[in-house]
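**Student:** Can you make the complete structure from the sequences, with help from the hints?
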Amino acid sequence: MNCKNVLIVGSGGREHALCWKIAQSPRVDKVYCAPGNAGISQHAECVNIKASDIEALADFAQKQKIDLTIVGPEDPLAHGIVDHFREKGLVVFGPSSKAAAIEASKVFTKDLLSKAQIPTGRYRTFTDADEALDYVKNVTGVPVALKADGLAAGKGVILPQTIEEAEEAIDLIMRKKAFGDAGNSIVVEEFLTGEEASFMAVTDGTNVLPLATSQDHKPVFDFDKGPNTGGMGAYSPAPVVNDDLFLQAMQMIMRPTVKAMADAGRPYEGVLYGGLIIKDGIAKVIEFNCRFGDPEAQPILMRMKSDLVDVIEAALEGRLDSIEIEWDPRAAVCVVLASGGYPGSYEKGKSISGLEDAAAMEDVMVFHAGTALSDSGYVTAGGRVLGVTALGDTIKQAIERAYEAVGKISWEGMHYRTDIGQKALRHTGDAPQVGIVMGSASDLNVMAGAQQVLDDMGIPYEVKIASAHRTPELAAEFASTARARGMKAIIAGAGMAAHLAGAMAANTTLPVIGVPIDASPLGGMDALLSTAQMPPGVPVATMAIGKAGAKNAAMLAAEIIAVTDEKIAARIDRFRAEQMENIARINSELKSKSSK
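In this note's numbering, the protein residues as written are 615 to 1210.
Incorrect hints may have been included.
[Said to hold, decoys possible] Below 20 Å or equal to it, Euclidean Cα-Cα: the simulated PhoX-like pairs (lysine-lysine) are: (1) Lys873 <-> Lys729; (2) Lys791 <-> Lys769; (3) Lys702 <-> Lys712; (4) Lys712 <-> Lys618; (5) Lys618 <-> Lys644; (6) Lys832 <-> Lys873.
The hints are simulated quantities; they were obtained by calculation from the structure and are not laboratory data.
Note that the structure is predicted; figures quoted are calculated from it, not measured.
**Tutor:** Structure representation (C-alpha coordinates):
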(Lines of atoms letter the chains of each structure in order from A and count residues from 1; the text may use other names and numbers.)
(Lines give C-alpha, C1' and ligand atoms only; values in the text may rest on other atoms or scores of the structure.)
Protein backbone atom coordinates (compact mmCIF):
# COMPACT_ATOMS: atom_id res chain seq x y z
CA MET A 1 0.00 0.00 0.00
CA ASN A 2 1.32 3.42 -0.94
CA CYS A 3 1.41 5.77 2.07
CA LYS A 4 3.37 8.80 0.87
CA ASN A 5 0.58 11.28 1.67
CA VAL A 6 -1.33 10.87 4.94
CA LEU A 7 -4.25 12.89 6.30
CA ILE A 8 -5.08 12.97 10.03
CA VAL A 9 -8.58 14.20 10.89
CA GLY A 10 -8.95 16.09 14.18
CA SER A 11 -7.43 18.90 16.21
CA GLY A 12 -6.55 17.67 19.72
CA GLY A 13 -3.68 16.16 21.64
CA ARG A 14 -4.46 12.71 20.26
CA GLU A 15 -4.16 14.03 16.71
CA HIS A 16 -0.89 15.79 17.54
CA ALA A 17 0.47 12.48 18.82
CA LEU A 18 -0.72 10.71 15.66
CA CYS A 19 0.89 13.33 13.40
CA TRP A 20 4.11 13.17 15.40
CA LYS A 21 4.20 9.38 15.13
CA ILE A 22 3.15 9.13 11.46
CA ALA A 23 5.70 11.79 10.45
CA GLN A 24 8.46 9.49 11.76
CA SER A 25 7.59 6.77 9.25
CA PRO A 26 10.15 6.41 6.42
CA ARG A 27 7.21 5.46 4.19
CA VAL A 28 5.54 8.87 4.57
CA ASP A 29 6.54 12.00 2.63
CA LYS A 30 3.80 14.41 3.70
CA VAL A 31 1.40 14.62 6.63
CA TYR A 32 -1.71 16.81 6.60
CA CYS A 33 -4.02 17.48 9.55
CA ALA A 34 -7.54 18.88 9.31
CA PRO A 35 -8.10 21.17 11.01
CA GLY A 36 -5.10 20.65 13.34
CA ASN A 37 -3.82 23.22 15.80
CA ALA A 38 -0.80 25.48 16.29
CA GLY A 39 1.36 22.75 17.81
CA ILE A 40 0.44 20.17 15.19
CA SER A 41 1.86 22.50 12.54
CA GLN A 42 5.32 21.47 13.79
CA HIS A 43 4.79 18.00 12.29
CA ALA A 44 2.07 18.39 9.67
CA GLU A 45 0.52 20.91 7.30
CA CYS A 46 -2.72 22.05 8.88
CA VAL A 47 -5.74 22.36 6.62
CA ASN A 48 -8.65 24.62 7.54
CA ILE A 49 -11.40 22.02 7.21
CA LYS A 50 -13.52 21.05 10.20
CA ALA A 51 -13.47 17.41 11.28
CA SER A 52 -17.26 17.39 10.88
CA ASP A 53 -17.15 18.54 7.22
CA ILE A 54 -16.97 15.06 5.72
CA GLU A 55 -17.65 16.08 2.14
CA ALA A 56 -14.93 18.75 2.15
CA LEU A 57 -12.46 16.34 3.72
CA ALA A 58 -13.14 13.76 1.02
CA ASP A 59 -12.73 16.38 -1.72
CA PHE A 60 -9.40 17.44 -0.20
CA ALA A 61 -8.22 13.84 0.02
CA GLN A 62 -9.00 13.29 -3.65
CA LYS A 63 -7.37 16.51 -4.85
CA GLN A 64 -4.21 15.98 -2.78
CA LYS A 65 -4.00 12.30 -3.71
CA ILE A 66 -4.08 11.25 -0.06
CA ASP A 67 -3.00 7.61 0.25
CA LEU A 68 -4.26 7.07 3.80
CA THR A 69 -6.65 8.94 6.09
CA ILE A 70 -6.66 8.31 9.86
CA VAL A 71 -9.69 9.61 11.76
CA GLY A 72 -9.03 10.74 15.34
CA PRO A 73 -12.31 11.87 16.99
CA GLU A 74 -15.48 9.85 17.43
CA ASP A 75 -17.98 12.35 16.00
CA PRO A 76 -17.03 12.06 12.29
CA LEU A 77 -16.74 8.28 12.69
CA ALA A 78 -20.27 8.10 14.08
CA HIS A 79 -21.48 10.31 11.23
CA GLY A 80 -20.08 8.05 8.52
CA ILE A 81 -16.78 9.53 7.39
CA VAL A 82 -15.35 6.06 6.77
CA ASP A 83 -18.37 4.99 4.71
CA HIS A 84 -18.21 8.20 2.64
CA PHE A 85 -14.48 7.96 1.97
CA ARG A 86 -14.73 4.33 0.88
CA GLU A 87 -17.61 5.13 -1.46
CA LYS A 88 -15.19 7.52 -3.18
CA GLY A 89 -12.44 4.90 -3.35
CA LEU A 90 -10.32 6.51 -0.61
CA VAL A 91 -8.29 4.46 1.87
CA VAL A 92 -9.34 5.31 5.45
CA PHE A 93 -8.64 3.77 8.86
CA GLY A 94 -11.49 3.58 11.34
CA PRO A 95 -14.85 1.87 11.90
CA SER A 96 -17.94 2.39 9.75
CA SER A 97 -20.83 4.41 11.16
CA LYS A 98 -22.67 1.18 12.03
CA ALA A 99 -19.63 -0.11 13.92
CA ALA A 100 -19.00 3.26 15.59
CA ALA A 101 -22.33 2.79 17.36
CA ILE A 102 -20.30 0.93 19.97
CA GLU A 103 -19.42 4.41 21.27
CA ALA A 104 -22.20 6.49 19.76
CA SER A 105 -24.95 4.58 21.58
CA LYS A 106 -24.51 3.27 25.10
CA VAL A 107 -27.87 1.54 24.83
CA PHE A 108 -26.68 -0.39 21.77
CA THR A 109 -23.43 -1.34 23.50
CA LYS A 110 -25.05 -2.51 26.73
CA ASP A 111 -27.52 -4.64 24.76
CA LEU A 112 -24.67 -6.07 22.66
CA LEU A 113 -22.60 -6.97 25.71
CA SER A 114 -25.59 -8.50 27.48
CA LYS A 115 -26.50 -10.67 24.49
CA ALA A 116 -22.89 -11.84 24.03
CA GLN A 117 -22.49 -12.45 27.80
CA ILE A 118 -19.49 -10.11 27.99
CA PRO A 119 -18.93 -9.00 31.63
CA THR A 120 -20.43 -5.59 32.38
CA GLY A 121 -22.64 -3.92 34.97
CA ARG A 122 -26.38 -4.61 35.35
CA TYR A 123 -28.50 -1.93 33.67
CA ARG A 124 -31.80 -0.69 32.31
CA THR A 125 -32.52 1.94 29.68
CA PHE A 126 -35.19 4.65 29.78
CA THR A 127 -36.64 7.30 27.50
CA ASP A 128 -38.80 8.81 30.26
CA ALA A 129 -37.15 10.85 33.01
CA ASP A 130 -39.75 10.06 35.67
CA GLU A 131 -39.46 6.32 35.05
CA ALA A 132 -35.69 6.54 35.26
CA LEU A 133 -35.86 8.35 38.60
CA ASP A 134 -38.41 5.87 40.00
CA TYR A 135 -36.07 3.03 39.07
CA VAL A 136 -33.19 4.70 40.90
CA LYS A 137 -35.33 5.38 43.97
CA ASN A 138 -36.95 1.94 44.19
CA VAL A 139 -34.45 -0.48 42.63
CA THR A 140 -30.80 0.58 42.29
CA GLY A 141 -30.49 3.13 45.05
CA VAL A 142 -27.33 5.24 45.14
CA PRO A 143 -24.56 5.52 44.23
CA VAL A 144 -25.53 4.75 40.64
CA ALA A 145 -24.15 5.37 37.14
CA LEU A 146 -26.29 7.51 34.83
CA LYS A 147 -25.20 7.59 31.19
CA ALA A 148 -26.52 9.69 28.34
CA ASP A 149 -27.06 7.32 25.43
CA GLY A 150 -25.26 9.31 22.73
CA LEU A 151 -21.96 11.14 22.27
CA ALA A 152 -21.22 13.79 24.91
CA ALA A 153 -17.48 14.51 24.51
CA GLY A 154 -16.61 12.18 27.37
CA LYS A 155 -18.81 14.06 29.84
CA GLY A 156 -22.11 12.22 29.55
CA VAL A 157 -21.59 9.94 32.56
CA ILE A 158 -22.69 11.17 35.99
CA LEU A 159 -22.21 9.23 39.24
CA PRO A 160 -24.74 10.54 41.79
CA GLN A 161 -24.08 9.74 45.44
CA THR A 162 -27.52 10.80 46.70
CA ILE A 163 -31.10 10.58 45.42
CA GLU A 164 -31.12 14.38 45.13
CA GLU A 165 -28.02 14.27 42.92
CA ALA A 166 -29.60 11.50 40.83
CA GLU A 167 -32.72 13.61 40.31
CA GLU A 168 -30.57 16.59 39.25
CA ALA A 169 -28.53 14.44 36.87
CA ILE A 170 -31.57 12.88 35.18
CA ASP A 171 -33.10 16.33 34.83
CA LEU A 172 -29.85 17.68 33.36
CA ILE A 173 -29.52 14.86 30.83
CA MET A 174 -33.13 14.23 29.79
CA ARG A 175 -35.07 17.44 30.39
CA LYS A 176 -32.52 20.24 30.11
CA LYS A 177 -30.74 18.36 27.29
CA ALA A 178 -27.28 19.38 28.54
CA PHE A 179 -25.83 16.93 26.00
CA GLY A 180 -28.39 17.54 23.28
CA ASP A 181 -30.02 14.56 21.61
CA ALA A 182 -27.49 12.31 23.36
CA GLY A 183 -29.84 12.54 26.33
CA ASN A 184 -32.99 11.29 24.59
CA SER A 185 -32.32 7.92 26.22
CA ILE A 186 -30.48 7.17 29.43
CA VAL A 187 -28.75 4.09 30.79
CA VAL A 188 -29.17 3.49 34.51
CA GLU A 189 -26.35 1.16 35.51
CA GLU A 190 -25.17 -0.41 38.74
CA PHE A 191 -22.31 1.49 40.36
CA LEU A 192 -19.19 -0.60 39.79
CA THR A 193 -16.24 -0.17 42.13
CA GLY A 194 -12.61 -0.99 41.46
CA GLU A 195 -9.68 0.43 39.52
CA GLU A 196 -10.16 1.56 35.94
CA ALA A 197 -7.90 0.80 32.99
CA SER A 198 -7.93 1.56 29.28
CA PHE A 199 -7.47 -1.46 27.04
CA MET A 200 -7.05 -0.59 23.37
CA ALA A 201 -6.53 -2.88 20.41
CA VAL A 202 -6.30 -2.63 16.64
CA THR A 203 -8.66 -4.97 14.82
CA ASP A 204 -9.31 -5.87 11.19
CA GLY A 205 -12.74 -7.26 11.98
CA THR A 206 -11.41 -10.72 12.81
CA ASN A 207 -7.95 -10.48 14.34
CA VAL A 208 -7.34 -8.40 17.46
CA LEU A 209 -3.87 -6.92 18.10
CA PRO A 210 -3.60 -5.37 21.59
CA LEU A 211 -1.88 -2.07 22.21
CA ALA A 212 0.00 -1.21 25.40
CA THR A 213 -2.23 -0.87 28.46
CA SER A 214 -2.92 2.53 29.96
CA GLN A 215 -4.99 4.35 32.56
CA ASP A 216 -6.90 7.60 32.15
CA HIS A 217 -7.85 10.16 34.83
CA LYS A 218 -11.32 11.53 34.05
CA PRO A 219 -12.31 13.73 37.04
CA VAL A 220 -10.93 17.25 36.93
CA PHE A 221 -9.39 17.37 40.42
CA ASP A 222 -6.88 15.32 42.39
CA PHE A 223 -8.04 12.09 44.05
CA ASP A 224 -10.74 11.69 41.36
CA LYS A 225 -12.82 14.59 42.66
CA GLY A 226 -15.03 16.93 40.66
CA PRO A 227 -16.87 16.59 37.37
CA ASN A 228 -15.69 14.36 34.54
CA THR A 229 -13.57 15.78 31.73
CA GLY A 230 -12.24 14.48 28.45
CA GLY A 231 -9.25 13.24 30.45
CA MET A 232 -6.72 15.03 32.68
CA GLY A 233 -3.81 12.67 32.18
CA ALA A 234 -2.78 9.11 31.49
CA TYR A 235 0.08 6.68 31.83
CA SER A 236 1.26 3.49 30.18
CA PRO A 237 1.65 0.68 31.03
CA ALA A 238 -1.11 0.18 33.64
CA PRO A 239 0.29 -2.19 36.30
CA VAL A 240 -3.24 -3.08 37.44
CA VAL A 241 -3.52 -5.07 34.21
CA ASN A 242 -1.18 -7.93 35.09
CA ASP A 243 -0.51 -10.88 32.78
CA ASP A 244 -3.58 -12.79 33.95
CA LEU A 245 -5.87 -9.78 33.52
CA PHE A 246 -4.36 -9.06 30.11
CA LEU A 247 -5.30 -12.54 28.91
CA GLN A 248 -8.71 -12.24 30.56
CA ALA A 249 -9.38 -8.95 28.77
CA MET A 250 -8.41 -10.41 25.41
CA GLN A 251 -10.26 -13.71 25.79
CA MET A 252 -13.41 -12.57 27.59
CA ILE A 253 -13.85 -9.00 26.39
CA MET A 254 -11.96 -7.80 23.31
CA ARG A 255 -12.15 -10.86 21.04
CA PRO A 256 -15.77 -11.68 21.99
CA THR A 257 -16.77 -8.05 21.33
CA VAL A 258 -15.24 -8.05 17.86
CA LYS A 259 -17.03 -11.34 17.12
CA ALA A 260 -20.32 -9.98 18.50
CA MET A 261 -20.03 -6.92 16.25
CA ALA A 262 -19.45 -9.16 13.22
CA ASP A 263 -22.41 -11.35 14.20
CA ALA A 264 -24.55 -8.21 14.47
CA GLY A 265 -23.68 -7.27 10.89
CA ARG A 266 -21.42 -4.43 12.05
CA PRO A 267 -17.86 -5.68 11.38
CA TYR A 268 -15.45 -3.57 13.39
CA GLU A 269 -12.22 -2.33 11.80
CA GLY A 270 -10.02 0.25 13.50
CA VAL A 271 -9.01 0.95 17.10
CA LEU A 272 -11.35 -0.54 19.69
CA TYR A 273 -10.99 1.04 23.13
CA GLY A 274 -12.36 -0.85 26.11
CA GLY A 275 -12.85 1.11 29.29
CA LEU A 276 -12.53 -1.54 31.99
CA ILE A 277 -13.00 -1.62 35.74
CA ILE A 278 -11.08 -4.20 37.73
CA LYS A 279 -11.93 -5.62 41.13
CA ASP A 280 -10.72 -8.81 42.82
CA GLY A 281 -8.96 -9.91 39.65
CA ILE A 282 -12.08 -9.61 37.48
CA ALA A 283 -12.46 -7.09 34.64
CA LYS A 284 -15.81 -5.68 33.51
CA VAL A 285 -16.65 -3.27 30.69
CA ILE A 286 -17.65 0.25 31.65
CA GLU A 287 -17.75 1.55 28.08
CA PHE A 288 -16.35 1.12 24.60
CA ASN A 289 -14.90 3.87 22.40
CA CYS A 290 -14.39 3.64 18.65
CA ARG A 291 -10.97 5.33 18.40
CA PHE A 292 -7.68 6.03 20.15
CA GLY A 293 -8.19 7.40 23.64
CA ASP A 294 -7.25 10.98 24.40
CA PRO A 295 -5.00 11.43 26.36
CA GLU A 296 -4.09 7.70 26.41
CA ALA A 297 -2.81 7.88 22.81
CA GLN A 298 -0.04 10.25 23.88
CA PRO A 299 1.82 7.91 26.29
CA ILE A 300 1.01 4.82 24.19
CA LEU A 301 2.41 6.32 20.98
CA MET A 302 5.44 7.63 22.89
CA ARG A 303 6.18 4.00 23.79
CA MET A 304 5.45 2.47 20.37
CA LYS A 305 8.70 1.63 18.56
CA SER A 306 7.06 -0.02 15.54
CA ASP A 307 5.98 2.00 12.51
CA LEU A 308 2.30 2.86 13.05
CA VAL A 309 1.79 2.94 9.28
CA ASP A 310 2.78 -0.76 9.09
CA VAL A 311 0.25 -1.61 11.81
CA ILE A 312 -2.56 0.29 10.09
CA GLU A 313 -1.71 -1.24 6.73
CA ALA A 314 -1.90 -4.75 8.23
CA ALA A 315 -5.32 -3.92 9.71
CA LEU A 316 -6.64 -2.59 6.40
CA GLU A 317 -5.39 -5.70 4.59
CA GLY A 318 -6.79 -8.15 7.15
CA ARG A 319 -3.43 -9.59 8.22
CA LEU A 320 -2.97 -8.35 11.79
CA ASP A 321 -2.20 -11.93 12.79
CA SER A 322 1.08 -11.67 10.86
CA ILE A 323 2.64 -8.75 12.77
CA GLU A 324 3.74 -7.80 16.27
CA ILE A 325 4.18 -4.38 17.81
CA GLU A 326 7.50 -3.53 19.47
CA TRP A 327 7.24 -1.41 22.61
CA ASP A 328 9.71 0.71 24.51
CA PRO A 329 10.00 -1.03 27.90
CA ARG A 330 10.03 2.34 29.64
CA ALA A 331 6.92 3.93 31.11
CA ALA A 332 5.24 7.07 29.79
CA VAL A 333 3.13 9.62 31.69
CA CYS A 334 0.99 12.41 30.22
CA VAL A 335 -0.18 15.35 32.35
CA VAL A 336 -2.90 17.51 30.79
CA LEU A 337 -2.70 21.26 31.38
CA ALA A 338 -6.11 22.91 31.18
CA SER A 339 -7.59 26.39 30.99
CA GLY A 340 -9.00 27.96 34.13
CA GLY A 341 -12.66 26.99 34.51
CA TYR A 342 -12.44 23.77 32.46
CA PRO A 343 -14.54 21.59 32.15
CA GLY A 344 -16.92 24.52 32.53
CA SER A 345 -16.61 27.82 30.68
CA TYR A 346 -13.13 29.22 30.18
CA GLU A 347 -11.35 32.13 28.49
CA LYS A 348 -9.14 31.74 25.45
CA GLY A 349 -6.15 33.70 24.22
CA LYS A 350 -3.97 33.38 27.33
CA SER A 351 -0.27 33.68 26.46
CA ILE A 352 1.68 30.46 27.16
CA SER A 353 5.27 30.65 28.42
CA GLY A 354 7.94 28.00 28.95
CA LEU A 355 7.10 25.70 26.04
CA GLU A 356 10.61 25.75 24.60
CA ASP A 357 12.18 24.95 27.98
CA ALA A 358 9.86 21.97 28.49
CA ALA A 359 10.31 20.68 24.93
CA ALA A 360 14.09 20.87 25.30
CA MET A 361 14.06 18.24 28.04
CA GLU A 362 15.21 14.75 27.11
CA ASP A 363 12.43 12.17 26.64
CA VAL A 364 9.71 14.83 26.90
CA MET A 365 7.14 15.70 24.26
CA VAL A 366 4.60 18.49 24.67
CA PHE A 367 1.51 17.59 22.64
CA HIS A 368 -0.81 20.48 21.82
CA ALA A 369 -4.54 19.99 22.32
CA GLY A 370 -5.98 23.49 22.28
CA THR A 371 -3.48 26.13 21.15
CA ALA A 372 -3.31 28.89 18.55
CA LEU A 373 -0.58 31.23 17.32
CA SER A 374 -0.68 34.97 17.91
CA ASP A 375 1.86 37.72 17.29
CA SER A 376 3.29 37.03 20.75
CA GLY A 377 3.51 33.25 20.32
CA TYR A 378 1.36 30.34 21.46
CA VAL A 379 -1.91 31.13 23.23
CA THR A 380 -4.67 28.98 24.70
CA ALA A 381 -7.55 28.04 22.41
CA GLY A 382 -9.36 25.25 24.23
CA GLY A 383 -10.23 23.63 27.54
CA ARG A 384 -7.51 21.02 27.47
CA VAL A 385 -4.51 22.93 26.16
CA LEU A 386 -1.39 20.75 26.41
CA GLY A 387 -0.45 17.16 27.17
CA VAL A 388 3.03 17.10 28.68
CA THR A 389 4.29 13.56 28.12
CA ALA A 390 7.51 12.01 29.41
CA LEU A 391 9.31 8.67 29.37
CA GLY A 392 11.09 7.16 32.36
CA ASP A 393 12.78 3.88 33.26
CA THR A 394 9.99 3.44 35.81
CA ILE A 395 6.56 4.97 36.19
CA LYS A 396 7.89 6.93 39.16
CA GLN A 397 10.69 8.42 37.04
CA ALA A 398 8.27 9.20 34.22
CA ILE A 399 5.98 10.99 36.69
CA GLU A 400 8.87 13.04 38.06
CA ARG A 401 10.09 13.99 34.58
CA ALA A 402 6.61 14.91 33.37
CA TYR A 403 5.97 17.19 36.35
CA GLU A 404 9.42 18.73 36.02
CA ALA A 405 8.44 19.71 32.48
CA VAL A 406 5.02 20.92 33.67
CA GLY A 407 6.82 23.21 36.11
CA LYS A 408 8.42 25.08 33.22
CA ILE A 409 5.08 25.98 31.58
CA SER A 410 2.61 28.60 32.70
CA TRP A 411 -0.27 30.84 31.68
CA GLU A 412 -2.93 32.76 33.55
CA GLY A 413 -5.44 30.34 35.06
CA MET A 414 -3.59 27.14 34.11
CA HIS A 415 -4.56 24.13 36.20
CA TYR A 416 -3.77 20.44 36.25
CA ARG A 417 -3.96 17.38 38.45
CA THR A 418 -0.93 16.71 40.62
CA ASP A 419 -1.59 12.99 41.14
CA ILE A 420 -1.33 11.53 37.63
CA GLY A 421 0.22 8.07 37.88
CA GLN A 422 -0.10 7.71 41.64
CA LYS A 423 -2.43 4.72 41.31
CA ALA A 424 0.24 2.89 39.35
CA LEU A 425 2.74 3.34 42.18
CA ARG A 426 0.56 1.23 44.49
CA HIS A 427 1.21 -1.74 42.22
CA THR A 428 4.93 -1.11 41.76
CA GLY A 429 5.75 -0.66 45.45
CA ASP A 430 6.68 3.01 44.99
CA ALA A 431 3.51 4.50 46.45
CA PRO A 432 3.99 6.26 49.79
CA GLN A 433 2.94 4.00 52.67
CA VAL A 434 3.45 6.61 55.38
CA GLY A 435 2.49 10.27 55.42
CA ILE A 436 4.77 12.64 57.36
CA VAL A 437 2.95 15.90 58.06
CA MET A 438 4.21 18.88 59.99
CA GLY A 439 2.73 22.22 60.89
CA SER A 440 5.65 24.38 59.76
CA ALA A 441 8.81 24.26 57.69
CA SER A 442 10.71 24.91 60.94
CA ASP A 443 9.74 21.35 61.99
CA LEU A 444 11.64 19.75 59.09
CA ASN A 445 14.82 19.25 61.12
CA VAL A 446 13.02 17.27 63.83
CA MET A 447 10.89 15.24 61.43
CA ALA A 448 13.99 14.32 59.42
CA GLY A 449 14.48 11.67 62.12
CA ALA A 450 11.32 9.91 60.94
CA GLN A 451 12.44 10.11 57.31
CA GLN A 452 15.80 8.57 58.20
CA VAL A 453 14.18 5.54 59.87
CA LEU A 454 11.75 4.99 57.00
CA ASP A 455 14.60 5.26 54.49
CA ASP A 456 16.52 2.62 56.46
CA MET A 457 13.45 0.37 56.43
CA GLY A 458 12.87 0.88 52.71
CA ILE A 459 9.39 2.28 53.30
CA PRO A 460 8.26 4.96 50.81
CA TYR A 461 6.71 8.07 52.35
CA GLU A 462 5.28 11.46 51.46
CA VAL A 463 6.21 14.67 53.30
CA LYS A 464 3.70 17.51 53.58
CA ILE A 465 3.55 20.83 55.42
CA ALA A 466 -0.04 21.43 56.52
CA SER A 467 -1.13 23.35 59.59
CA ALA A 468 -4.24 22.53 61.60
CA HIS A 469 -4.69 26.28 62.11
CA ARG A 470 -3.23 28.06 59.07
CA THR A 471 -4.21 25.53 56.36
CA PRO A 472 -6.94 23.36 57.92
CA GLU A 473 -8.49 22.39 54.57
CA LEU A 474 -5.15 21.15 53.24
CA ALA A 475 -4.57 19.11 56.40
CA ALA A 476 -8.06 17.59 56.23
CA GLU A 477 -7.70 16.76 52.55
CA PHE A 478 -4.36 15.02 53.12
CA ALA A 479 -5.81 12.88 55.90
CA SER A 480 -9.10 12.05 54.18
CA THR A 481 -7.39 10.89 50.99
CA ALA A 482 -4.42 9.09 52.54
CA ARG A 483 -6.02 5.64 52.65
CA ALA A 484 -7.17 5.86 49.03
CA ARG A 485 -3.59 6.70 48.05
CA GLY A 486 -2.29 3.53 49.68
CA MET A 487 -0.96 4.89 52.97
CA LYS A 488 -0.96 2.72 56.09
CA ALA A 489 -0.18 5.35 58.77
CA ILE A 490 0.25 9.10 59.27
CA ILE A 491 2.93 10.76 61.41
CA ALA A 492 2.00 14.29 62.46
CA GLY A 493 4.50 16.63 64.13
CA ALA A 494 3.67 20.04 65.58
CA GLY A 495 4.65 22.41 68.37
CA MET A 496 2.89 24.70 70.86
CA ALA A 497 -0.92 24.25 70.54
CA ALA A 498 -0.24 21.04 68.61
CA HIS A 499 -3.64 20.16 67.20
CA LEU A 500 -2.33 18.72 63.91
CA ALA A 501 -2.33 15.06 64.95
CA GLY A 502 -5.88 15.38 66.26
CA ALA A 503 -7.01 17.11 63.08
CA MET A 504 -5.48 14.24 61.08
CA ALA A 505 -7.16 11.60 63.24
CA ALA A 506 -10.53 13.32 62.89
CA ASN A 507 -10.35 12.98 59.09
CA THR A 508 -9.02 9.45 58.60
CA THR A 509 -9.42 5.90 59.88
CA LEU A 510 -5.68 5.27 59.51
CA PRO A 511 -3.48 5.11 62.62
CA VAL A 512 -2.16 8.58 63.47
CA ILE A 513 1.10 8.97 65.40
CA GLY A 514 1.74 12.33 67.02
CA VAL A 515 5.18 13.88 67.55
CA PRO A 516 5.26 16.84 69.96
CA ILE A 517 7.89 19.42 68.98
CA ASP A 518 9.70 21.83 71.30
CA ALA A 519 8.76 25.21 69.84
CA SER A 520 8.02 27.36 72.91
CA PRO A 521 9.49 28.31 76.31
CA LEU A 522 7.58 25.36 77.79
CA GLY A 523 10.07 22.89 76.29
CA GLY A 524 7.47 21.01 74.27
CA MET A 525 5.22 20.14 77.22
CA ASP A 526 2.41 22.20 75.72
CA ALA A 527 2.68 20.26 72.48
CA LEU A 528 2.86 16.95 74.37
CA LEU A 529 -0.37 17.62 76.26
CA SER A 530 -2.13 18.99 73.15
CA THR A 531 -1.21 15.85 71.21
CA ALA A 532 -1.98 13.29 73.92
CA GLN A 533 -5.21 14.71 75.36
CA MET A 534 -7.63 13.55 72.67
CA PRO A 535 -11.37 12.97 73.21
CA PRO A 536 -12.76 9.41 73.14
CA GLY A 537 -13.11 8.02 69.62
CA VAL A 538 -10.30 10.09 68.10
CA PRO A 539 -7.13 8.27 69.16
CA VAL A 540 -3.59 9.53 68.57
CA ALA A 541 -0.51 7.48 69.50
CA THR A 542 1.73 10.08 71.14
CA MET A 543 5.53 9.81 71.07
CA ALA A 544 8.25 11.55 73.03
CA ILE A 545 9.10 15.20 72.40
CA GLY A 546 11.50 16.00 69.54
CA LYS A 547 13.69 13.93 67.24
CA ALA A 548 13.61 10.82 69.43
CA GLY A 549 9.83 10.88 69.19
CA ALA A 550 10.03 11.35 65.42
CA LYS A 551 12.27 8.27 65.11
CA ASN A 552 9.99 6.18 67.31
CA ALA A 553 6.97 7.37 65.34
CA ALA A 554 8.58 5.98 62.19
CA MET A 555 9.40 2.71 63.97
CA LEU A 556 5.78 2.38 65.12
CA ALA A 557 4.58 3.09 61.56
CA ALA A 558 6.95 0.38 60.31
CA GLU A 559 5.58 -2.08 62.88
CA ILE A 560 2.02 -1.28 61.78
CA ILE A 561 2.96 -2.02 58.16
CA ALA A 562 4.84 -5.16 59.25
CA VAL A 563 1.57 -6.72 60.46
CA THR A 564 0.76 -7.55 56.83
CA ASP A 565 4.17 -7.11 55.15
CA GLU A 566 6.66 -9.88 55.89
CA LYS A 567 9.51 -8.02 54.19
CA ILE A 568 9.17 -5.06 56.56
CA ALA A 569 8.82 -7.44 59.50
CA ALA A 570 12.11 -9.08 58.49
CA ARG A 571 13.79 -5.66 58.24
CA ILE A 572 12.62 -4.78 61.75
CA ASP A 573 13.98 -8.11 63.01
CA ARG A 574 17.32 -7.32 61.41
CA PHE A 575 17.28 -3.85 62.97
CA ARG A 576 16.65 -5.34 66.43
CA ALA A 577 19.43 -7.87 65.90
CA GLU A 578 21.82 -5.10 64.83
CA GLN A 579 20.91 -3.13 67.97
CA MET A 580 21.72 -6.15 70.13
CA GLU A 581 25.00 -6.74 68.28
CA ASN A 582 25.98 -3.10 68.75
CA ILE A 583 25.24 -3.27 72.47
CA ALA A 584 27.17 -6.52 72.75
CA ARG A 585 30.11 -4.96 70.91
CA ILE A 586 30.09 -1.89 73.16
CA ASN A 587 29.92 -4.07 76.29
CA SER A 588 32.81 -6.13 74.96
CA GLU A 589 34.87 -3.01 74.39
CA LEU A 590 34.02 -1.73 77.89
CA LYS A 591 34.98 -5.05 79.44
CA SER A 592 38.25 -5.05 77.54
CA LYS A 593 39.09 -1.55 78.75
CA SER A 594 38.19 -2.30 82.39
CA SER A 595 40.43 -5.39 82.46
CA LYS A 596 43.52 -3.39 81.51
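**Student:** Indicate, hint by hint, whether the structure satisfies it.
**Tutor:** A quick look at each hint next to the structure:
Proposed proximity of Lys873 and Lys729 is supported: the alpha carbons are some 12 Å apart, at most 20 Å. The hinted pair formed by Lys791 and Lys769 meets the criterion: a straight-line CA distance of about 13 Å does not exceed 20 Å. At roughly 18 Å between alpha-carbon atoms, Lys702 and Lys712 fall within 20 Å of each other, so this suggested pair holds. For the suggested pair Lys712 and Lys618, the alpha carbons sit about 29 Å apart, so the restraint of at most 20 Å is broken.
Between Lys618 and Lys644, the direct Cα distance comes to roughly 6 Å. Compliance with the 20 Å bound is thereby established for this hinted pair. A threshold of 20 Å between alpha carbons decides the hint, and for Lys832 with Lys873 the separation of about 29 Å lies outside it, so the pair is violated.
Of the hints listed earlier, those the structure fails to meet are numbers 4 and 6, in rising order.
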